[in-house]
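Protein chains: 2
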Amino acid sequence: MSVLIVGTTALDSIKTPTRENPRLLGGSASHAAVAASFFSPVKLVGGVGEDFPKKYIALYHRHKIDLAGLQVLPGKTFHWSGEYEVNMNNRRTLATELGVIETFTPILPKAYQNSAFVLLGNIAPALQHSVLDQMKKPKFVVADSMDLWLNIALADLLKLLKRVDGFVLNDSEAELLTKEDNIFVALKKIHKLGPKYVIIKKGSHGSIFSGPKGVFICPAYPLHTVEDPTGAGDSFVGGMMGYLATAKGSIDANIRRAMVYGSVTASFCCEGFGLNRTTKTKRADIEKRVKELEKLTKF
Amino acid sequence: MSVLIVGTTALDSIKTPTRENPRLLGGSASHAAVAASFFSPVKLVGGVGEDFPKKYIALYHRHKIDLAGLQVLPGKTFHWSGEYEVNMNNRRTLATELGVIETFTPILPKAYQNSAFVLLGNIAPALQHSVLDQMKKPKFVVADSMDLWLNIALADLLKLLKRVDGFVLNDSEAELLTKEDNIFVALKKIHKLGPKYVIIKKGSHGSIFSGPKGVFICPAYPLHTVEDPTGAGDSFVGGMMGYLATAKGSIDANIRRAMVYGSVTASFCCEGFGLNRTTKTKRADIEKRVKELEKLTKF
Chain A
1 MSVLIVGTTA
11 LDSIKTPTRE
21 NPRLLGGSAS
31 HAAVAASFFS
41 PVKLVGGVGE
51 DFPKKYIALY
61 HRHKIDLAGL
71 QVLPGKTFHW
81 SGEYEVNMNN
91 RRTLATELGV
101 IETFTPILPK
111 AYQNSAFVLL
121 GNIAPALQHS
131 VLDQMKKPKF
141 VVADSMDLWL
151 NIALADLLKL
161 LKRVDGFVLN
171 DSEAELLTKE
181 DNIFVALKKI
191 HKLGPKYVII
201 KKGSHGSIFS
211 GPKGVFICPA
221 YPLHTVEDPT
231 GAGDSFVGGM
241 MGYLATAKGS
251 IDANIRRAMV
261 YGSVTASFCC
271 EGFGLNRTTK
281 TKRADIEKRV
291 KELEKLTKF
Chain B
1001 MSVLIVGTTA
1011 LDSIKTPTRE
1021 NPRLLGGSAS
1031 HAAVAASFFS
1041 PVKLVGGVGE
1051 DFPKKYIALY
1061 HRHKIDLAGL
1071 QVLPGKTFHW
1081 SGEYEVNMNN
1091 RRTLATELGV
1101 IETFTPILPK
1111 AYQNSAFVLL
1121 GNIAPALQHS
1131 VLDQMKKPKF
1141 VVADSMDLWL
1151 NIALADLLKL
1161 LKRVDGFVLN
1171 DSEAELLTKE
1181 DNIFVALKKI
1191 HKLGPKYVII
1201 KKGSHGSIFS
1211 GPKGVFICPA
1221 YPLHTVEDPT
1231 GAGDSFVGGM
1241 MGYLATAKGS
1251 IDANIRRAMV
1261 YGSVTASFCC
1271 EGFGLNRTTK
1281 TKRADIEKRV
1291 KELEKLTKF
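Same order as they appear, the protein sequences are chains A and B.
So the first sequence is numbered by the working numbering: it starts at 1 and just counts up by one.
So the second sequence is numbered by the working numbering: it starts at 1001 and just counts up by one.
It should be emphasised that the hints constitute simulated quantities derived from the structure, not laboratory data.
A hint or two may mislead.
Once the Cα atoms are required to be at most 30 Å apart in a straight line, the calculated DSSO-like pairs of lysine-lysine come out as [unchecked claim]:
1. Lys1282(B) / Lys213(A)
2. Lys298(A) / Lys1282(B)
3. Lys189(A) / Lys1202(B)
Here are the computed distance ranges between Cβ atoms for each label pair [what the hints assert, rightly or not]:
4. Phe1184(B) / Lys192(A): 36 to 42 Å
5. Val1215(B) / Lys110(A): 47 to 53 Å
6. Ser250(A) / Ala1126(B): 57 to 63 Å
7. Lys1064(B) / Arg283(A): 52 to 58 Å
8. Glu83(A) / Leu1094(B): 35 to 41 Å
A virtual CB, placed ideally from N, CA and C, is assigned to each residue, including glycine.
One chain only, chain A, in its complex shape:
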């Protein structure tokens, strides 16, 4: 089965302590879609401006991403620029030019509306709602978010949490949402807001899953160099959803392995600027790291 993915389709200008890369393909939907494409067909929902480079359309095509839901709108593509500190864990936004994203409304082509797997990637909760409103009967819906929406659109987000099966957020966002610094207590509080499946991401420390069959401690793949972590969280959840969409058996039976596949896909994302390393990755490279992670965690 395919995965429908909505989120931002952006141009990212990223500074790290060692390098600077202007106007790379970025955005939550781009990272998640490319990650999911290693495992399943992907239907993209997003909006770009008239300045969106053709080479990035070609990139989507190379990953066989269905672009029937990608609107090219009058105006400029959403542009984000940010800078990472030396330890690569903290980043600050230098500029955000919303461009066409400001007025973008998702319109789902008919062929999209029956999708079974839906990833509501990081974008305004109102737009995530709008996508869900257009869906027939999705089997498994997961939402991602960010601190911005917790701060400026909390009511919308809380309503969304009652409509989704799964919610993914990072540890600082979990604390912001629940006012609870213990990750396992926070997980319980988030379940009470609606989602049956909750994943708290911890960057290089891996992630913690909580669902009907209990907790799973998901490892991160050991990286010796982190070139640019932008999009790693989107790659994680994209890879996970792609894996789930084609795996046989129940969500409960597959979710742990799906997270490990997501984690490994995210590891490649970190090894290059933007999508540079991810797009050079082969499915066999992913399988190799998954096998390694099995060995690295066995006791």
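For this one, chain A is given, so just place chain B on it according to the hints.
Showing chain B alone in chain A's frame:
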């Protein structure tokens, strides 16, 4: 086989956001010795003052800890007081009264000198050297340390690293020692300083091991409440050494499981002030959590 453990034997006054507990039994040797005692006989090396409470001697006895190497010296027992911040990850020292520790010199009883497993718990590197100098032919020596010694006794510590099989430190100490924030690069740099086995502790995020047979990502047991993390690192390494001392087979074959046992022992330590929860723990409780961790990490 038994484990010889040297380190501080102290009285700890610990403040957390919710409670205050004065003059609990503490110190690296106390925590490590009690943790190790669940798995193997323990020989303690340390020094206390004449004010050392009899009830704590009784506590050591209940854990069948051999006290032939515990000197009762004229003066006061080492007293540390500290305060934890709300998130329990950061602590600051309020007062350090060295007492008898200032002039303490370890003297190993004859029966100690043939010990196969030696844990040089956190104490001045000169004293760790002094213990090693008195040993005949230990099979497996592991050293722990802290930022203080990295700052004020680095030369001694670097010499020590050439004499030990294993070295345990936390992530911030690893960065301080290697000037490297990537944990996997730091591990390689620490190997070059001598130790064949290196463990970097990451608190609630678990720990990372590196040895001749590769890397192991060791999980932390999920805790819903952390009452007082003081001594958790000592409990971890104490539990690990206790397990190793009685396990059949090679160090390489047993070290991963040993770390998981150490990790679980440390989880009990965190659930009570000082040694309050650890001393109420039974071996069966530990086995139960180890089995749980197996389930929590399987994919």
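Going down the list of hints, with the structure as the test:
1. At most 30 Å may separate the alpha-carbon atoms for a hinted pair to count; Lys1282(B) and Lys213(A) meet this at roughly 27 Å.
2. Under the criterion of a C-alpha separation no larger than 30 Å, the hint pairing Lys298(A) with Lys1282(B) is consistent with the structure, at around 25 Å.
3. Between Lys189(A) and Lys1202(B) the CA atoms are separated by roughly 25 Å; this keeps the pair inside 30 Å, and the hint holds.
4. Here the CB-CB span from Phe1184(B) to Lys192(A) is close to 37 Å, well matched to the stated 36 to 42 Å.
5. Between Val1215(B) and Lys110(A) the Cβ separation comes to about 49 Å, which falls inside the hinted range of 47 to 53 Å.
6. Between Ser250(A) and Ala1126(B) the C-beta distance comes to about 60 Å, which sits within the given range of 57 to 63 Å.
7. In this structure the supplied range 52 to 58 Å holds for Lys1064(B) paired with Arg283(A), their Cβ-Cβ distance being about 55 Å.
8. A beta carbon spacing of about 38 Å between Glu83(A) and Leu1094(B) agrees with the range 35 to 41 Å that was offered as a hint.
Hint compliance for this structure: no hint is broken.
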